[in-house]
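K.L.:
Sequence:
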Amino acid sequence: GTGMRLPAAIRDRVAAVHRGSALPERLRLYDGWAARYEQDVAALEYRAPHLAAASLAFAFPAPRAGARLLDVACGTGLVAREGPAGRAGGNGTGRGGVTVPLSRQLHRRGFRCLHGVDGSAGMLEQARSTGLYQELRLCVLGRDPLPAPAEHYDAVTVVGALGEGQVPNTVLPELLRVTKPGGFLCLTTRSNPSNLRYKVELEAALGQLEQRGAWQKLLAQEVEYWERATTEEESTQGTGYISGVVYIYQKSPVPNLEEG
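For the sequence shown, this note's numbering begins at 14 and goes up steadily by one.
No false leads were slipped in.
Derived CB-CB ranges, DEER-like: (1) Ala163 x Ala217: 23 to 29 Å; (2) Pro162 x Thr183: 19 to 25 Å; (3) Gly226 x Arg150: 28 to 34 Å; (4) Gly144 x Thr252: 34 to 40 Å; (5) Ala233 x Pro186: 17 to 23 Å; (6) Pro74 x Pro37: 37 to 43 Å; (7) Arg225 x Phe71: 23 to 29 Å; (8) Val213 x Pro74: 31 to 37 Å.
Cross-link-like lysine to aspartate or glutamate pairs, in silico, EDC-like; alpha carbons within 16 Å at most: (9) Lys230 x Glu216; (10) Lys212 x Glu235; (11) Lys212 x Glu177; (12) Lys193 x Glu164; (13) Lys212 x Glu247; (14) Lys193 x Asp167.
Bear in mind the hints are in silico, worked out from the structure with no lab data behind them.
All C-beta atoms in this analysis are idealised placements derived from N, C-alpha and C, irrespective of residue type, glycine included.
Turn these sequences into a full structure, and let the hints guide you.
P.N.:
Here it is in structure tokens:
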């Protein structure tokens with residue numbers, strides 16, 4: 014499969030951060046990876062930022078310029094950015110397979126008020142250099158509360174961080190807390206073998222919150238070519254790629270009584 018042609022160094026760096034190591038070690042790995050992160054992600058042909066931004070824009074009513082958006086686990090700003098539309102080729106990778114980050118993707122689609130949080134100071138430094146975020150804060154998901162008041166954001170994105178050994182699904186209520194009633198949440202996860210247990214548990218948690226009336230599912234889009242696989246075992250039916258899914262939820266317009 015094509016996944017095996019990825020340089021070994023990239024495969025090793027990706028494997029290291031997904032290995033489920035203890036939190037301090039994982040944050041140190043992300044800090045060290047920050048400078049090479051976008052190059053590595055381009056080699057992986059990572060399409061999640063493009064797919065997430067397109068899905069959110071589809072669901073989100075205009076106008077978007079004044080809407081406050083929180084990019085959770087923003088990393089280097091990969092979700093906020095997106096290159097020239099004419100070159101994107103419709104799949105979020107530009108010429109030469111350059112993955113266009115989420116910050117620019119969102120910016121291009123009219124979202125101008127972007128805030129970002131991440132657990133890695135090194136990643137935040139890279140995100141700051143994009144000039145696309147009005148505010149960037151250090152926050153370790155699953156350990157720290159989000160640095161925002163309740164019902165503050167029109168939309169919240171968590172692209173790429175919900176996965177085995179990364180961000181636990183117990184963060185969902187905290188994401189909901191900072192979202193305005195009627196606001197939108199855009200979440201992604203991978204469907205490769207080593208993440209399947211996490212995905213099943215995530216979908217159960219998403220469903221429980223929907224049953225409780227906290228939010229409503231608008232979209233669950235399975236995507237076959239999510240990014241290049243780093244091992245043959247992770248590849249979907251020998252394609253050399255792994256699959257993933259984009260979820261869009263809308264927070265219930267009327268706050269639940271128990272929240273009062």
